[in-house]
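Undergrad: Listed here are the chains, written in short residue letters.
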Amino acid sequence: MSKISPVLSAHWDEADSFTIEGYKRHGGYNAALKALAMEPDAVIAQIKDSGLRGRGGAGFPTGMKWSFIPQGDGKEHYLVVNADESEPGTCKDMPLLMANPHVLIEGMIIASYAIRANYAFIYIRGEVVHVVRRVQEAIAEAYKAGMLGKNIGGKGFDLELVLHIGAGAYICGEETALLDSLEGFRGQPRLRPPFPAIAGLYARPTVVNNVESIASVPAIIDRGNDWFQGMGTEKSKGFTLYSLSGHVTNPGQIEAPLGITLRELLELAGGVRVGHSLKFWTPGGSSTPLFTAEHLDVPLDYEGVAAAGSMLGTKALQIFDETTCVVRAVLRWTEFYKHESCGKCTPCREGTWWLVQMIRDLEAGKGTPADLDKLIDITNNIAGRSFCALADGAASPIISSIKYFRAEYEAHLTNGGCPFDPAKSTLFATVGQA
Amino acid sequence: MSTEITTDVEMITVVIDGFDVTVPKGTLVIRAAEKLGIQIPRFCDHPLLSPAGACRQCLVDIEINGRAFPKPQASCTIPVENGMIVKTQLTSEVADKAQKGIMELLLINHPLDCPVCDKGGECPLQNQAMSNGREVSRYEGVKRTYEKPTAISSQVLLDRERCVLCARCTRFSEEIAGDPFITLNERGALQQVGIYEKDPFRSYFSGNTVQICPVGALTGASYRFRSRPFDLVSTPSACEHCASGCAMRTDVRRGKTLRRLAGEDAEVNEEWNCDKGRWAFKYISSKERVTTPMVRGADGELHEASWPEALARAAAGLKGKRAGVLVGGRSTIEDSYAYAKFARIALNTNDIDFRARLHSDEEAAFLASIAAQITTTYRDLDKADHVVLVDFEPEDESPIVFLRLYKQVRKRGLKVSTVAPLASRGSQKLGATVLSSLTGLTLTEKSVILVGERAAETIGRFTAVASLASSSGAKVAWIPRRAGEFGALVAGALGNLLPGGRPVSDAAARVDIQTAWGVDALPVKEGKATWEILEAATDGRINAVVVGGVDPLDISAEALGQLLDTSTFVLSLEIAHSAITAIADVVLPVAAVSEKSGSFLNWEGRPRFFEKAITDSLTRSDTRILSALADEMGSPINLPSAKAVARELQAIGKWDGARASAPVVAPLSLPTPDGDHAILNSWRELLDLGTLQAGEENLAGTARPVEAVISAARAARLGVTTGDAITISTGRGSITLPARIGEIEESAIWLPRNSAGSQCIANLGAASGLVVKVAKA
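Line order of the protein sequences matches chains A and B. Going by our numbering, 56 is the number at position 56 of the first sequence; the sequence numbering is gapless. Here our numbering = 1-based position in the second sequence + 1000.
Source of the hints: derived by calculation from the structure; they are not laboratory data. Be aware that a few hints might be false.
What the hints assert, rightly or not - No more than 25 Å apart at the CA atoms, straight line, and that leaves these computed lysine-lysine pairs for PhoX-like:
| id | chain 1 | residue 1 | chain 2 | residue 2 |
| --- | --- | --- | --- | --- |
| 1 | B | K1143 | B | K1198 |
| 2 | A | K144 | A | K75 |
| 3 | B | K1429 | B | K1198 |
| 4 | B | K1415 | A | K403 |
| 5 | A | K403 | B | K1097 |
| 6 | A | K338 | A | K235 |
| 7 | B | K1525 | B | K1654 |
| 8 | B | K1100 | B | K1148 |
| 9 | B | K1654 | B | K1528 |
| 10 | A | K75 | B | K1415 |
| 11 | A | K366 | B | K1143 |
| 12 | A | K338 | B | K1100 |
| 13 | A | K374 | B | K1143 |
| 14 | B | K1097 | A | K374 |
| 15 | B | K1321 | B | K1287 |
| 16 | B | K1319 | B | K1528 |
| 17 | B | K1071 | A | K75 |
| 18 | A | K338 | B | K1319 |
| 19 | B | K1071 | A | K374 |
| 20 | B | K1097 | A | K338 |
| 21 | A | K155 | A | K24 |
| 22 | A | K338 | B | K1654 |
Unchecked claim - Each pair of labels, with its calculated beta carbon distance range:
| id | chain 1 | residue 1 | chain 2 | residue 2 | range |
| --- | --- | --- | --- | --- | --- |
| 23 | B | K1383 | A | K144 | 53 to 61 Å |
| 24 | B | T1439 | A | E39 | 51 to 59 Å |
| 25 | A | F60 | B | S1050 | 25 to 33 Å |
| 26 | B | E1186 | A | K366 | 23 to 31 Å |
| 27 | A | E303 | B | S1050 | 36 to 44 Å |
| 28 | A | N118 | B | A1725 | 47 to 55 Å |
| 29 | B | G1120 | A | K366 | 29 to 37 Å |
| 30 | B | V1136 | A | E76 | 40 to 48 Å |
Note that CB positions come from ideal geometry on N, CA and C, so glycine has one too.
Make a model of the complete structure from these sequences and hints.
TA: Rendered as structure tokens:
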């Protein structure tokens, strides 16, 4: 049996996969019509029972999130889809929306119907202009086909879908900052409680879901929970998109049941780049603690990765081979977090400013081994002290890299600088070497 | 706030550092800890602002029913819960390390320029770095630097380097003042407080941001580099600028007031004040101060004189005369009482009036019948179902009343209506419905009518207020603009009232006062109003006038001229040279507020005591001078000090007999002007040409633009748009101002009453109700 389970990506190789015709050819929008014939609570119950968990990183059960929306409260409810994919290494939602935007729209119809929302929003990362255009086009097609707007599919359900283009801030992927930004304010995380389910967008009950979570819904409605639960592991059901990037022979997205291992994924992707060996990798983007070759057989589901000391996150597997200087990689990431810190809280704002300077010094070979302990201490003063999880993400690569590669940090100090040739780690370094 | 004690609140007991504490549900952990005397360090937390959780300095360990939070939590954002166990830095190593870690981070980009910082010595960052920080910093990197300071308004300066980005200032501006003119800009370590492009921080309440800034990032332009906090002598004081009654603190160094801060009084101003109260005090040290007694010589000029000589001249000038007394609206209650007693005993007259402004006899009847007995308070505003403003602009005329109303509007959507010709900025912030009259308004016993002194300018208005209040049971408050007026009313500095709200016309009331004062008789005839005293001075019915702090242009364009008759003896008690001292026969210098002790009654009738802040001042209070003068005249009033007055007032007490009757005056319909004319309307903006703001240039820089408000239809007729100049003229003169199109009655025009280039009484001869010509300039 194949290790892969293409559902969302099943037809990406078809030339018109992104059009409504291409989507409908494979039964697209049937699930929405099926759901619209169900009771909304039955839809929530089915998604709850399916075991679908949030694909945006935290793994919160999707159906449970929907069930938190107070019903019969006389207020508008909103569905907001988080398409602000900005995590370094994460590239699953953008290709999905590029190749198959209608699956998201169909999922949004079902989710909105379930939570009794007549307005839904997609908050999309503004830099990905080509994806924005595809999604815009898909929304227009869906309206034209009667799958958005008034009386969808003749089932009496109305849904207006708004595509909102973000202005390029990583923090706006944090759900409450996203809501602030969507309302027109500067994106900074909000104090919780109240949680978005009670007072989200415009202080109304709001569900905020990741693209992939919502896109997974139509297949579940269409094929049923037994089918869905036939994939994955005990507590991590179903299929998901793993994105492989970096020093890998065939980078890209692989859709597979939860619980697959990196060893299996690497086999599917043609292995680490030719002639090199795996040094370290991220299981779920740069905010998740690093793994090394010793973790090749860790099951990549929520529990398996957590048990091994990291997080499944966005399943963004960034592969680094032995030519890579871990200090340099960590510095790049840290610079990213410094640039993206929203500034609201002290540990993240000031801490990332300081971390960059410390790691820059270490990379340049300045300092003593005691400075490594200082770096760990400062990082620990930042992690778990901040308003949102951004600073925890910033701390992850630092703490985990020192845990696995302390000697390499120290080598920078004894060597008086980086012992690596950065050119060798570039992808073009192997061009022509076969 | 937390002082409100009601019994139906659920109480919750939590354990903090091993001690039980029981607090109302909803109390934040940081506040519950305070109850135990446990101080958790904090920056962004402020009890009157919404929680932010931004600085992370107050991290503590928390467990609930045995389940511990995996990470330390910000105690400023978490309400207490049953079964909660909190460990602060005192008992948790994790919390202690977390706090020290945050403090170290806060300081890495801080310039540590405490030795030259205004805040040094009273700085929460400095203090808490000492109590909850590491001994030394491990930071060896490059600090973030900015140009400093940046003026975010003419009166508030920002040192971005010092800022810890706690967002207290931005939250205050948005949540308390309703002026979100400052925000946080940029992101990450470059996040900074900023203003909108080309829009300065023009808020009447901006000074509070300086006071609540927990570091030296926001400083007052007028105080910057003037002093160190430990060189200041602080005296609790009360604000003399309006009838809100703010508790204040006056900081003096070597005899000079260097700054004033809002004091704390949960019942009145909470912890806030307005910029006028904070930054208008240089008049005390003005070069125009009268420093010695002066008498007019045979040459017609004023000459310095000794106190005995001046008192003798004054006594000779008053004795046996038909005198009137103009008290002015800024007297303390003690001084007003002294004037009231002096008039009755030494001058044997009820011709005394504290109203140095537009006023009416209808108003006097309202004051005697209703205002003198008022019991409405700020708390009534908190609980009101509907507040009606009548000829009263709280943001301009009593700013703390505005803050209190705004708080309720924000919190629970309090309904506000305003009887006014247009929706002012303040009314807009309150979401007030603009009404043209009180007719048809339905109120309940939980409603409050706030009537301002300008009601005297509309005939029949006080009558309508009195009648609406009595028919609906709504509470009433009379909120004059000046700090001394309510006290003067209670002290009997009005022609129809004796102290304690006793009607002059009531024989029993007179007997009360005769007994208290130990005199055989008091003048029986009700006294003249200010306008009448001035008119009488022109025909000899009055031939001597005692004038307290009065600017004749506040009363009418003619007032000064009416006193010019050389046969009228004018005694002026003043702090500074003025139009009155220029014509006075004798000028006696009196103490300014900070140079004496005493009290004001705010609009609630609540005493606002203050002690002498400038202790080495040689000036004397009006009370002491009037007492000496009465002695000189042989009719002693026996008031050697403010304390003596307070004792007498206490003994006299409030009148519990029959009240004077409420006014019954029919309203007058206003003329309908033709298209070229408009009915003038105006009020004084908070920041304008008021004499007590003289010399405060930084403060004046945040005054609102001086503009004339006209309707869109009028603008179209005149062919002007917002910003174009228009000329408003009467037979007496004209004013030319930029127009602003606003939501104003078609027939009306509104001007600032006493602002630069727009002094209605001086320039037009009237301030309201008059038909004026309006033309494109």
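Undergrad: Evaluate each hint against the coordinates.
TA: Cross-check of the supplied hints:
Between K1143(B) and K1198(B) the CA atoms are separated by roughly 29 Å; this puts the pair beyond 25 Å, and the hint is violated. A distance of roughly 28 Å separates the Cα atoms of K144(A) and K75(A); the hinted pair therefore is violated under the 25 Å criterion. Of the supplied pair hints, the one linking K1429(B) and K1198(B) holds, its CA atoms being roughly 22 Å apart against a limit of 25 Å. Only pairs whose Cα atoms come within 25 Å are accepted, and K1415(B) paired with K403(A) is rejected, the gap being roughly 62 Å.
At roughly 22 Å between alpha-carbon atoms, K403(A) and K1097(B) fall within 25 Å of each other, so this suggested pair holds. Under the criterion of a C-alpha separation no larger than 25 Å, the hint pairing K338(A) with K235(A) is inconsistent with the structure, at around 35 Å. Among the hinted pairs, K1525(B) with K1654(B) is consistent with the structure: their alpha-carbon atoms are about 21 Å apart, no more than 25 Å. At most 25 Å may separate the alpha-carbon atoms for a hinted pair to count; K1100(B) and K1148(B) exceed this at roughly 28 Å.
With a C-alpha separation of about 23 Å, the suggested pair K1654(B) and K1528(B) falls inside the 25 Å cut-off, and the hint holds. Annotation: proposed proximity of K75(A) to K1415(B) holds, straight-line Cα distance about 23 Å (limit 25 Å). A hinted pair counts as satisfied when its Cα atoms are at most 25 Å apart, and K366(A) with K1143(B) qualifies at roughly 19 Å. With a CA separation close to 21 Å, the supplied pair K338(A) and K1100(B) stays within the 25 Å bound.
Our distance criterion of 25 Å between C-alpha atoms is met by K374(A) and K1143(B), whose separation comes to about 18 Å. For the hint pairing K1097(B) with K374(A), the CA-to-CA distance comes to about 14 Å; that is within 25 Å, so the pair holds. Taking the CA atoms of K1321(B) and K1287(B), the gap is near 34 Å; set against the 25 Å cutoff, the hint is violated. This hinted pair checks out: K1319(B) and K1528(B) have alpha carbons roughly 19 Å apart, not beyond 25 Å.
For a cut-off of 25 Å, the pair hint linking K1071(B) to K75(A) is broken: about 35 Å separates their Cα positions. With a CA separation close to 82 Å, the supplied pair K338(A) and K1319(B) exceeds the 25 Å bound. At roughly 21 Å between alpha-carbon atoms, K1071(B) and K374(A) fall within 25 Å of each other, so this suggested pair holds. A hinted pair counts as satisfied when its Cα atoms are at most 25 Å apart, and K1097(B) with K338(A) qualifies at roughly 23 Å.
For the hint pairing K155(A) with K24(A), the CA-to-CA distance comes to about 18 Å; that is within 25 Å, so the pair holds. Note on K338(A) and K1654(B): the hinted pairing is violated, with a Cα-Cα distance of about 67 Å set against a maximum of 25 Å. Distance hint check for K1383(B) and K144(A): the Cβ-Cβ separation is about 56 Å, which falls inside the suggested range of 53 to 61 Å. Take T1439(B) and E39(A): their Cβ atoms lie about 55 Å apart, and the range 51 to 59 Å holds.
For F60(A) and S1050(B), the Cβ-Cβ distance of about 27 Å falls inside the hinted range of 25 to 33 Å, so the restraint holds. A C-beta distance of roughly 29 Å is found between E1186(B) and K366(A), which places it inside the suggested range of 23 to 31 Å. The beta-carbon spacing between E303(A) and S1050(B), approximately 38 Å, falls within the hinted interval of 36 to 44 Å. Separated by about 52 Å at the C-beta atoms, N118(A) and A1725(B) satisfy the suggested range of 47 to 55 Å.
Distance hint for G1120(B) and K366(A): a CB-CB separation of about 34 Å, consistent with the stated range 29 to 37 Å. Distance hint check for V1136(B) and E76(A): the Cβ-Cβ separation is about 55 Å, which falls outside the suggested range of 40 to 48 Å.
Violated hints, listed in ascending order, are 1, 2, 4, 6, 8, 15, 17, 18, 22, 30; each of the other numbered hints is respected by the structure.
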